[in-house]
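For reference, the chains in residue letters:
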Amino acid sequence: MTPNQRLIVAVLLSVIFFVAYTAIFPPKQEETIDANKSKNVVIKDVAEIAQAQAGHEISAQEKIAQSASSDIVTVTNDKFVLKIDTLGRISSKELLQEKFRDQNNKHAQLIPTLGAKPLYVRFLDEALNKEAATVAYTADVREINLQTQAQKIILTQTLSSLSVTKELTFYPDGHYDVAIKLSKDTRYFIYLGQRPEITEQMMTVSGAMVYTNDDLVTIIEDGDAQGRKTFSGVELISAFDQYFASIMYGFSADTNIMVEKDKNDNPVVYFEALASTSFHGYVGDKDFETLKNINPVLTNAIEYGWFTFAAKPLFALLLWLYGIFGNWGWAIVALTLIIRMILYPLTYKGMVSMQKIKEIAPKIKELQAKYKGDPQRMNAAVMDMYKKHGANPLGGCLPMLLQIPVFFAIYRVLLNAVELQGAEWALWITDLSRMDTYYILPILMGASMYYQQKLTPNNFTDPLQEKVFKFLPIIFTFFFITFPSGLVLYWIVNNIFSITQQFIVNQQFKNAKDARDAIAKGAEKHND
Amino acid sequence: MIRRLLLKLLWLYQKFFTLIGFGSCRYYPSCSEYARLHFENNSISSAFYHSLTRILRCNQLFDGGIEYPLLDKLTPKPKKLDVDSIKYWLVPNKTGRFYIIKNFSYKG
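In the order they appear, the protein sequences are chains A and B.
Residue numbers for the first sequence follow the working numbering, beginning at 1 and rising by one.
Residue numbers for the second sequence follow the working numbering, beginning at 1001 and rising by one.
For the record, the hints were derived by calculation from the structure and aren't laboratory data.
Just so it is clear, the structure is predicted and the values come from calculations on it, not from any experiment.
A hint or two may mislead.
Claimed, not checked - Cut-off 25 Å, straight-line C-alpha distance, at most; resulting in silico cross-link-like pairs (PhoX-like, lysine-lysine):
1. B:Lys-1073 / A:Lys-372
2. A:Lys-372 / A:Lys-467
3. A:Lys-372 / A:Lys-184
4. A:Lys-292 / A:Lys-312
5. A:Lys-292 / A:Lys-79
6. A:Lys-370 / A:Lys-510
7. A:Lys-467 / A:Lys-454
8. A:Lys-388 / B:Lys-1102
9. A:Lys-79 / A:Lys-106
10. A:Lys-229 / A:Lys-263
11. A:Lys-467 / B:Lys-1094
12. A:Lys-370 / A:Lys-292
13. A:Lys-521 / A:Lys-370
14. A:Lys-370 / B:Lys-1102
15. B:Lys-1073 / B:Lys-1008
16. A:Lys-470 / B:Lys-1087
17. A:Lys-99 / A:Lys-263
18. B:Lys-1094 / B:Lys-1015
19. A:Lys-388 / A:Lys-229
20. A:Lys-263 / A:Lys-130
21. A:Lys-79 / A:Lys-130
22. A:Lys-454 / B:Lys-1073
23. B:Lys-1008 / A:Lys-372
24. A:Lys-130 / A:Lys-106
25. A:Lys-363 / A:Lys-510
26. B:Lys-1073 / A:Lys-467
27. A:Lys-467 / A:Lys-363
28. A:Lys-372 / A:Lys-292
29. B:Lys-1087 / B:Lys-1102
30. B:Lys-1015 / A:Lys-470
31. A:Lys-372 / B:Lys-1094
32. A:Lys-388 / B:Lys-1094
33. A:Lys-181 / A:Lys-152
To be verified - Here chain A is said to cover these stretches of chain B; the calculated rule only asks that three of the stretch's residues, wherever they fall, bring their Cβ under 8 Å from a Cβ of chain A:
34. 1037-1046
35. 1063-1075
36. 1091-1100
Ideal Cβ positions, reconstructed from N, Cα and C, are used throughout, including at glycine.
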């Protein structure tokens, strides 16, 4: 089983457990309410039935994908090996860095063997297209080695009525310039290529993306492509998985980008040209600094799903912290602390009210004794007492709810930041983007959560709730087992911070009680 | 329909998800209970508004304490009345509106 399957099984098991538990031991009060609401609401999925028929372009492109082609140029660098085949496409790019490994622990291959490949040219004229599929490109060099200088390759294809020239300039940082020249004007299409298929974890987005000059990002996720969509004023197109992307940018202003679906409803991106055209491309990991140094517009290709607006500033903060600590693990710890502090600007207010609580503690004790068998009425009475004395020890729902979007943003950042690949923290954690193979972090997470629960005073009125509450650390441990270590680390630090806070609060309560007892004793003696 | 779905969601929240941040509400009834009372008795838009402002007030800058939801429109048509079948006590306040207060003796 892959980690993802295990995670799904764990979640399903816990859901089934609680549904079954509720069914077997129904809470008495809920039973009647359930009976009233037993009619299940069936929401019909009115999703559009996608057209089964694929365009002729796609089938042609698939034929091309299957046709035999061999490599004619090899571009090497200390970080990658890139190959160009007889159809003038980038047929493969292998990343040599140790941290980039696929699921089988081999070097990451950015171009999938099947599907469209970057720089593939298709002509509108079907006959021309057929001929182009059989005539091989020739290159002016067989092999180039990039060190610090950019190097140019000229690829030519001589067809009966036309000759095609592709001038490719490769740079050591992984991007390339393209200039395509045709001996006469004819309509043709250039493909962005199939997205990398290296890593995909739960909840990550993969597919195609179009970024237009009105600062609008359109994402067509795999399986969601419908019909043909045309975009104009495009700044950047990208076909991406969790950490890697094939990107093209720097088009001339009148370029139309087209997104079509293949037979699996995955997006296929290409654009139209008539005569000569030039643009830029990049195939590689979505590392923020790398992309920014090539061209700042490329950073838009880093995508955190629909939560990008909150995740982007968070990543900027994380990057800044990394600059200070030089270690992503410690940067995450620092980020957690900063967020906890921002989310509790009201701590001071809470402390003041804590002082008042101390003063009314004996009266609350009286109330607790009075309504011993009736927790709901006791809560009401205690709240009334707080209100009378202008004191309230609880944080409130708003600070709690505010944490949810922040956690979600962190989750998206840690899940999508390629920088965490191969980033070590301390001791046994050698890759923050992968699960902890020793299961130490998830277990620590469960343990810290359990301890936090023990410290937090609770007054459950429902025995079922209390049982679920006690099982929560176990569920979360299973839930977190396959999560990236960076994310589990965030959760642990968050728990430890909560524990510390709770510990201080509990200590204050205890001190107040001791002081009161001492005074009471003193008074008794005095009365004697 | 929408109301029932929302109430189901609230029930789900009160049953399970509240456990993650258990016992942090500064009010009585708690925010989720307050929202439930609103959604059961008032229009959806009014219930949304009041629940949202309640959650926004539920932080350390406000005192918290007891705050019952108010009934928007009085439409009583009970078939029988005794202490076990009354779900809510509607208690008039000074402005002529009604607090919605849960009847602890309600048996369904």
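Hints and how they fare:
For the suggested pair B:Lys-1073 and A:Lys-372, the alpha carbons sit about 36 Å apart, so the restraint of at most 25 Å is broken. The suggested pairing of A:Lys-372 with A:Lys-467 holds, with an alpha-carbon distance near 21 Å, which does not exceed 25 Å. The hinted pair formed by A:Lys-372 and A:Lys-184 fails the criterion: a straight-line CA distance of about 92 Å is larger than 25 Å. As the CA atoms of A:Lys-292 and A:Lys-312 are separated by approximately 14 Å, the hinted pair is consistent with the 25 Å bound.
A C-alpha spacing of about 18 Å is found between A:Lys-292 and A:Lys-79, which places the hinted pair at or below 25 Å, so the restraint holds. Note on A:Lys-370 and A:Lys-510: the hinted pairing holds, with a Cα-Cα distance of about 22 Å set against a maximum of 25 Å. Restraint check for A:Lys-467 and A:Lys-454: the C-alpha separation of about 13 Å stays at or below 25 Å, so the hint holds. Distance check on the hinted pair: A:Lys-388 and B:Lys-1102 sit about 22 Å apart at the alpha-carbon level, within 25 Å; holds.
The straight-line distance between the Cα atoms of A:Lys-79 and A:Lys-106 is roughly 15 Å, inside the 25 Å bound, and the hint therefore holds. Under the criterion of a C-alpha separation no larger than 25 Å, the hint pairing A:Lys-229 with A:Lys-263 is consistent with the structure, at around 16 Å. A hinted pair counts as satisfied when its Cα atoms are at most 25 Å apart, and A:Lys-467 with B:Lys-1094 does not qualify at roughly 43 Å. At most 25 Å may separate the alpha-carbon atoms for a hinted pair to count; A:Lys-370 and A:Lys-292 exceed this at roughly 66 Å.
As the CA atoms of A:Lys-521 and A:Lys-370 are separated by approximately 23 Å, the hinted pair is consistent with the 25 Å bound. Distance check on the hinted pair: A:Lys-370 and B:Lys-1102 sit about 20 Å apart at the alpha-carbon level, within 25 Å; holds. With a C-alpha separation of about 23 Å, the suggested pairing of B:Lys-1073 with B:Lys-1008 holds against the 25 Å cut-off. The hinted pair formed by A:Lys-470 and B:Lys-1087 fails the criterion: a straight-line CA distance of about 31 Å is larger than 25 Å.
Under the criterion of a C-alpha separation no larger than 25 Å, the hint pairing A:Lys-99 with A:Lys-263 is inconsistent with the structure, at around 33 Å. Taking the CA atoms of B:Lys-1094 and B:Lys-1015, the gap is about 35 Å. The hint is violated against a cut of 25 Å. A distance of roughly 63 Å separates the Cα atoms of A:Lys-388 and A:Lys-229; the hinted pair therefore is violated under the 25 Å criterion. For the proposed pair A:Lys-263 and A:Lys-130, the alpha carbon gap of about 21 Å is at most 25 Å, so the pair holds.
For the given pair, A:Lys-79 sits about 36 Å from A:Lys-130 by alpha-carbon distance, which is inconsistent with the 25 Å threshold. Restraint check for A:Lys-454 and B:Lys-1073: the C-alpha separation of about 44 Å exceeds 25 Å, so the hint is violated. With a CA separation close to 31 Å, the supplied pair B:Lys-1008 and A:Lys-372 exceeds the 25 Å bound. Restraint check: the Cα-Cα separation between A:Lys-130 and A:Lys-106 comes to about 36 Å, which exceeds 25 Å; the hinted pair is violated.
In summary, the hint linking A:Lys-363 to A:Lys-510 is supported, as the alpha carbons are separated by about 16 Å, within the 25 Å threshold. Restraint check for B:Lys-1073 and A:Lys-467: the C-alpha separation of about 39 Å exceeds 25 Å, so the hint is violated. About 31 Å separates the Cα atoms of A:Lys-467 and A:Lys-363, which puts this hinted pair outside 25 Å; it is violated. Proposed proximity of A:Lys-372 and A:Lys-292 is contradicted: the alpha carbons are some 64 Å apart, above 25 Å.
Taking the CA atoms of B:Lys-1087 and B:Lys-1102, the gap is about 6 Å. The hint holds against a cut of 25 Å. A hinted pair counts as satisfied when its Cα atoms are at most 25 Å apart, and B:Lys-1015 with A:Lys-470 qualifies at roughly 14 Å. Between A:Lys-372 and B:Lys-1094, the direct Cα distance comes to roughly 32 Å. Violation of the 25 Å bound is thereby established for this hinted pair. For the given pair, A:Lys-388 sits about 20 Å from B:Lys-1094 by alpha-carbon distance, which is consistent with the 25 Å threshold.
A C-alpha spacing of about 15 Å is found between A:Lys-181 and A:Lys-152, which places the hinted pair at or below 25 Å, so the restraint holds. Proximity of the region 1037-1046 of chain B to chain A, defined as three or more residues with a beta carbon under 8 Å from a beta carbon of that chain, is not established by the 0 residues found. Closer than 8 Å: that is the beta-carbon criterion, and the region 1063-1075 of chain B has 4 residues meeting it against chain A, so the requirement of 3 holds. Here's how the region 1091-1100 of chain B fares: 0 of its residues keep a CB closer than 8 Å to some CB of chain A, so the rule of at least three is not met and the hint is violated.
Violation of the numbered hints given earlier is confined to hints 1, 3, 11, 12, 16, 17, 18, 19, 21, 22, 23, 24, 26, 27, 28, 31, 34 and 36; the remaining hints are satisfied by the structure.
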